[in-house]
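Chains R and L, in that order, are what the protein sequence lines are. Plus 6 on top of the position in the first sequence (first one is 1) and you've got our numbering. Plus 6 on top of the position in the second sequence (first one is 1) and you've got our numbering.
Read the hints as simulated data drawn from the structure, not as lab findings. Only true hints are included.
Given that identical chains are not distinguished, each listed pair holds provided it fits within a single copy or across any two copies.
The list that follows gives simulated cross-link-like pairs (lysine to aspartate or glutamate, DMTMM-like), each with its CA atoms no further than 25 Å apart:
(1) Lys86 - Asp48
(2) Lys142 - Glu83
(3) Lys142 - Glu104
(4) Lys226 - Asp195
(5) Lys142 - Asp255
(6) Lys86 - Glu222
(7) Lys50 - Glu104
(8) Lys130 - Glu39
(9) Lys130 - Glu83
(10) Lys142 - Asp229
(11) Lys86 - Glu135
(12) Lys86 - Asp255
(13) Lys130 - Glu38
(14) Lys86 - Asp195
(15) Lys143 - Glu83
(16) Lys130 - Asp255
(17) Lys116 - Glu182
(18) Lys130 - Glu104
Residues per chain, in single letters:
There are 2 protein chains.
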Amino acid sequence: MTRWKIIIEYHGARYSGFQRQPDVPTIQVAVEEAIQKFCQQDIKIIGAGRTDAGVHARGQAAHFDLEYGERTLSAFELCKAINAHLRPQPITVVHAQEVPEEFHARFGAKTKTYQYRVANRPYKMALEEGFSWWRKKPLNIDAMRAGAKYLIGEHDFTSFRDSECQATSPIRSVDEIMIAVTPIINGNDILFTVRGMSFLHHQVRNIVGTLTLVGEEKWKPEDVKTALEAKDRTKGGPTAPAYGLYLHDIAYE
Amino acid sequence: MTRWKIIIEYHGARYSGFQRQPDVPTIQVAVEEAIQKFCQQDIKIIGAGRTDAGVHARGQAAHFDLEYGERTLSAFELCKAINAHLRPQPITVVHAQEVPEEFHARFGAKTKTYQYRVANRPYKMALEEGFSWWRKKPLNIDAMRAGAKYLIGEHDFTSFRDSECQATSPIRSVDEIMIAVTPIINGNDILFTVRGMSFLHHQVRNIVGTLTLVGEEKWKPEDVKTALEAKDRTKGGPTAPAYGLYLHDIAYE
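Using the sequences and the hints, build the whole thing.
Following this line, the structure appears as structure tokens:
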């Protein structure tokens with residue numbers, strides 16, 4: 007038996023998130039079916055974490071155990087075989103490696119990095135539709151960076167947590183929020199990078215939604231601190247839409 | 007009468023190129039119809055240049071003349087009105103400005119910049135399908151850069167010109183070919199930027215197709231020089247597909 011770690015890239019638009027659920031298309035179901043088709047075994051994959059409906063990934067991680075008889079299977083052959091059965095879905099296994107039996111995609115994950123993409127200009131995107139959140143008003147980048155600082159470190163993130171979040175504790179630690187800006191015609195392409203050990207339900211999307219309020223100067227940077235300290239979801243900003251969010255990377259020790 | 011310069015962004019997949027042709031959808035037709043709908047005038051736009059079927063643009067330029075009675079119209083109002091009538095097509099007017107009557111989008115264009123995007127890794131893209139050309143074999147970037155150097159300057163580009171090209175002369179001047187590399191999981195996202203006064207039919211796509219042969223080490227960098235000097239299209243490399251190409255910018259004096 008071999009334990010494999012795989013890295014999965016996907017466009018989330020047509021899926022009800024990563025995790026298997028009854029009667030709806032999910033990334034997990036698609037990948038499991040593709041593995042089953044090539045190896046004729048009833049394989050379950052364990053993902054590093056859920057992603058919500060519509061959220062994309064460049065670096066979702068998962069593991070599974072495979073019996074493959076006498077023959078050894080290379081990582082390239084494995085990826086190729088799974089990808090052949092995933093076609094034409096917008097899901098690709100971009101990396102595979104054999105890992106020790108103790109490896110666990112979920113419990114072994116040390117850091118998760120998400121990216122959120124915002125198109126900031128007066129007119130909607132012809133090329134980034136479904137890949138980026140369109141914000142018409144010019145966003146003040148310095149103000150957003152100043153507001154983001156209040157969220158770094160360990161905090162009670164109740165104000166940034168979906169009311170349906172099932173985590174037992176609202177305490178989370180955010181290691182980094184980077185805001186990178188690429189000029190485009192009449193505006194900016196803005197990429198938020200948010201890194202932490204783990205996140206609450208909608209936490210990254212609520213952070214981005216809140217920071218855009220600061221960017222639009224409806225909030226002052228210090229209002230982020232006030233919202234955080236309120237420990238009340240109704241005091242946080244709006245939830246940015248799913249289609250701007252990318253699970254970028256899962257780091258293991 | 008006011009002459010307007012507009013900058014147009016579009017995803018080219020569903021269009022038979024920029025220029026009006028009978029009985030097929032083109033970008034020009036879509037933009038003219040949108041302008042006509044809001045101003046009730048039979049407006050013709052003059053584009054800076056054609057783009058082929060399937061080619062995208064971030065910075066196509068065009069001009070047209072508009073009578074708008076007593077009322078003055080702001081650039082923002084103009085863009086908004088055209089874009090409202092373009093919806094839901096993947097075409098957006100991202101900039102507009104009043105220009106002198108002598109301004110001509112085609113004859114006044116000094117430099118054109120195209121970008122070509124290549125996804126270089128063993129497995130196909132889940133997120134960049136239709137936006138980037140997938141090349142499986144690892145491309146040697148230094149070799150491609152060395153090969154590109156032979157194309158800089160004024161040359162007879164017959165070997166890089168489509169057999170149906172209608173230009174009277176095959177002489178063109180390429181000012182710059184930049185090759186930027188962004189690492190992705192298991193590969194690279196490669197962006198070619200090609201700048202010149204004007205280009206022959208398929209010239210940029212043939213340059214990229216040829217340089218990928220050098221990147222795959224099927225050709226040596228010097229073979230690009232040999233191909234160029236042959237002045238024979240059959241000695242050039244293949245034509246890279248339309249969906250990786252972006253008309254990036256048109257510069258005016």
